[in-house]
Amino acid sequence: MTTFLDYLLGGLGSGAIIALMALSLVLIWRSTRVVNFAQVGQAMFTTFIALSIQTWTGSWFIALVGALAAGALLGVIIQYLVLRPVKRNDTSGAIIATFGVLIALQAAAGMIWPGGSQAFPQPFNNAGIEFAGRVWPISVYDFVVIGITALLVLGLTLLFTKTSLGLSMRAAAFNPEVAKLSGVRVSRVLTFGWALAGSVGAVAGVLVAPVSTISPNSFDILLVYAFTVAVIGGLDSLIGAISIGVFTGLVISLVSGYSDSGNAPIVALLLLALNLILKPEGVFSHHKARSV
Amino acid sequence: MRTTSAARMVAAGAVAALALAAAAPAQAARIPTADPGVSKTEIVIGTTTPLTGPASPGYMYVAPAAKAYFDYVNTNGGINGRKINYIYLDDQYNPALTKKQTNQLILGNKIFAMFGALGTPSHSAVVADLNRRGIPDVFVNTGSSNFDNPSKYPMTFPFFPSYVVEAKVMGYYMANDATLNAKKKCLFYQDGEFGDNAKLGFTAAGTTFAAETSYYSGQQVAPFTSQIAKLKAAGCELVVFFGVTSATAQMLGTAAKSAFAPTWMITSVGSDPSVVGAALGAAGNTLLKGVYTPSFLVPIQDTTNAYVSQMKVIADKNSLPWNFYTYYGLNTAYVLAQAIKAAGPDLTRASLINALQTKASTFRSAAIAPMIISAKSHQGLNGYYMGQYNATGQVERLTSYIMTATSATSGKAKKTTFKPGAPTSKLLP
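If you read the sequences in order, they're chains B and F.
Numbering of the first sequence is given in this note's numbering, commencing with residue 8 and proceeding in unit increments.
Numbering of the second sequence is given in this note's numbering, commencing with residue 73 and proceeding in unit increments.
It should be emphasised that the hints constitute simulated quantities derived from the structure, not laboratory data.
No residue lacks a Cβ here, since even glycine has one placed at the ideal position from N, Cα and C.
All clues given are correct.
Pairwise CB distance ranges (calculated): (1) F:S391 x B:V147: 38 to 44 Å; (2) F:A494 x B:N132: 50 to 56 Å; (3) B:G140 x F:G493: 55 to 61 Å; (4) B:R95 x F:S289: 37 to 43 Å; (5) F:S381 x B:G100: 55 to 61 Å.
Using the sequences and the hints, build the whole thing.
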């Protein structure tokens, strides 16, 4: 029983991080209808920036704020320089362009921050909490991660449902032509969507780095899980990304514990396949899948 | 079918060459050297290695270090009057790119030999071609046991002991240390050929594990919480680890979080203290202290040693960081230079292969293990001493003896002693 609880608690922290990365994918999808494969690259890049800030200032909080700002800026730059020149209806062109951005970011990071994997200092206590006479694999830091994730989701939900900016973003993504006719400055709204997603991805990066290491390719595996989670969650649902993200974290942990870690990606893939067969529009989607 | 006929042709060629050399040395001397990449003044050597990409951390220093050594030899007159022209190309640890870069080296640069090509998957993509073309493929930088196969790959010579050998050595040490042997032993390995090779070695050594768990390459981005929980639940007291360096760091970090503190024994491949320390930050040295790891080179921090001190001077002159990778690169280049020298003034590919197969035991190096290469086995080194991390994150030699083994799927490691001979004058071949 304690082993089972160990597996569950262990899965919670990594689930929150997968959820955050999935959230940033969902944000781009919601505002631009593009799956952004460069997301992990952006998060990696801004985490390196955060590491530099942390080294200069010694403050984790300033580093986190710096990563948020850098994430937004990088999102805007990519949208301006790469995505805007791609023709509006050319979705596959846009997706391939994001792959290009990913490779470029990884190469650039390798040149700017050479020397391999680097440690990101632990901002909070990461020792397991002692309770009922034993140490459990969940720490103060895990609670910080879960707390920040919850706050972000709450903030984003309010933004999308209660503000006019959120309404414009949904309108611009759903039907750019009609939105334009209604006075929404579509291209500006799209740029804002990229900035927002960039910031969320940056937070995910800064949160995962202290329990991992940071190198140009260190977040690659996260993309696989985040993409799976985003699709299962319905691609445009914030709550879908979060709940499926945490669920996937738990499943990965249980599968690795009870069978073999090599089976974890296979189980994730099975979940995805099952989802595409049973509920192709996603578990939490607001829209019906297009039937052919 | 093609390989067979190619192998026959190589064999036939070798026999013909031997016959010529034996029967009519005077006549052989009149025939100009036909091998590409070697002239009266120059020898062209090539390497493929990851200088960029995910595998480049650490590995990117190996080829530049070898280059630093060859430059040093060149400024001191070269080998038998010939300067070494050393060309290393980036393959990003990507087999498709390795193929392209190897073709460039063979057809474009017309290399005499490949040297120190790095990476199991990448080198697997070109090894058959190099052998088909009869190009010496010397001191491959990988622990895969598959490359030591003279009947299939007559031109290929691995340098480092294989993972099978390392596992046998670990098994031998655990069985013969009363404290370690009394502990409940468990295994944590990387999925794929790496871990499979290790398991072969442990089976041969007769080591049994109370629990086994694994990770897949790339998974170390997240904490190994479930793996550690599994080992903890099984009551493991000694955990043997076969994985890469970044995974070692993640394993030690996660275990500390879960207050799981067994005795650790980790593979030499995953033990570079500069990388583990960088990944674990300030806590690194505390977590590493007492960890067992096999090693086969004179400890890197032993600057009173004649090999270490002289190699460090070359590294410093070329602004290379003094770490394991720089050390490996310099040391292997030093051994190759001796092999080329031993092949004699009339350097040919056949004479180089012959020198490797007959004179390897006379080559000097910083390795604390004998170099036994023959026509039957091309594996260079095959032994380790057991080391242990000290409080400052350095590996200290624990055993005065070494343990040797073969890569065969049966047979245990044996205890023996070995003292490396003094380096040659000024570290020149």
